[in-house]
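Heads up, the sequence shown is in the working numbering, so the first residue is 1 and it goes up one at a time.
Honestly, I wouldn't trust all of these hints.
What the hints assert, rightly or not - FRET-style restraints, in silico, Cβ to Cβ:
#, residue 1, residue 2, range
1, 33, 71, 34 to 40 Å
2, 81, 44, 28 to 34 Å
3, 112, 67, 21 to 27 Å
4, 34, 121, 22 to 28 Å
These aren't lab readings, by the way, just hints derived from the structure by calculation. Cβ atoms here follow ideal geometry from the backbone N, Cα and C, with glycine treated the same way.
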Amino acid sequence: MNLSYFYLAGTIGFTVLGQMILKWQVSENAHLLVKPFSIRALAGFILSPWVMFAFASAFAASLCWMMAISRMPISKAYPFMAINFPLVAVAAVLFFKEQMDFARVAGTVLIMIGVLVLSRSTV
Numbered sequence: 001m002n003l004s005y006f007y008l009a010g011t012i013g014f015t016v017l018g019q020m021i022l023k024w025q026v027s028e029n030a031h032l033l034v035k036p037f038s039i040r041a042l043a044g045f046i047l048s049p050w051v052m053f054a055f056a057s058a059f060a061a062s063l064c065w066m067m068a069i070s071r072m073p074i075s076k077a078y079p080f081m082a083i084n085f086p087l088v089a090v091a092a093v094l095f096f097k098e099q100m101d102f103a104r105v106a107g108t109v110l111i112m113i114g115v116l117v118l119s120r121s122t123v
């Protein structure tokens, strides 16, 4: 297997992980993000272990991304980032009980078809 795809998978995995953790933490601490809010409480939230882990996940995604685009053209690698859309959508349904209507499902399917078409490019 080409290592560039391994790094793309890492980018996607760490991105989705970070987004899910941030959503979870924001949901649990929404009171810190609405008016009136205190800078001290907000700083405490940002520096909490789970939020810092989400930031570390985003940083790991960036490192994987750099490794991926060092091994393949960015024009070929970047469409794979669209895989984040269905993964985040499915995770949101599973973990946060968000709703998926026909338009979201259809749009997500179209995105995945686009990724498939672009991944077949030989350029």
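Results of checking the hints against the structure:
Between residue 33 and residue 71, the C-beta spacing of about 39 Å keeps the proposed range 34 to 40 Å intact. Look at residue 81 against residue 44: about 32 Å separates their beta carbons, and that is inside 28 to 34 Å. Range check, residue 112 to residue 67: Cβ separation about 24 Å, and the 21 to 27 Å hint holds. Against the hinted window of 22 to 28 Å, the Cβ-Cβ separation of residue 34 and residue 121 comes to about 45 Å, which falls outside the hint.
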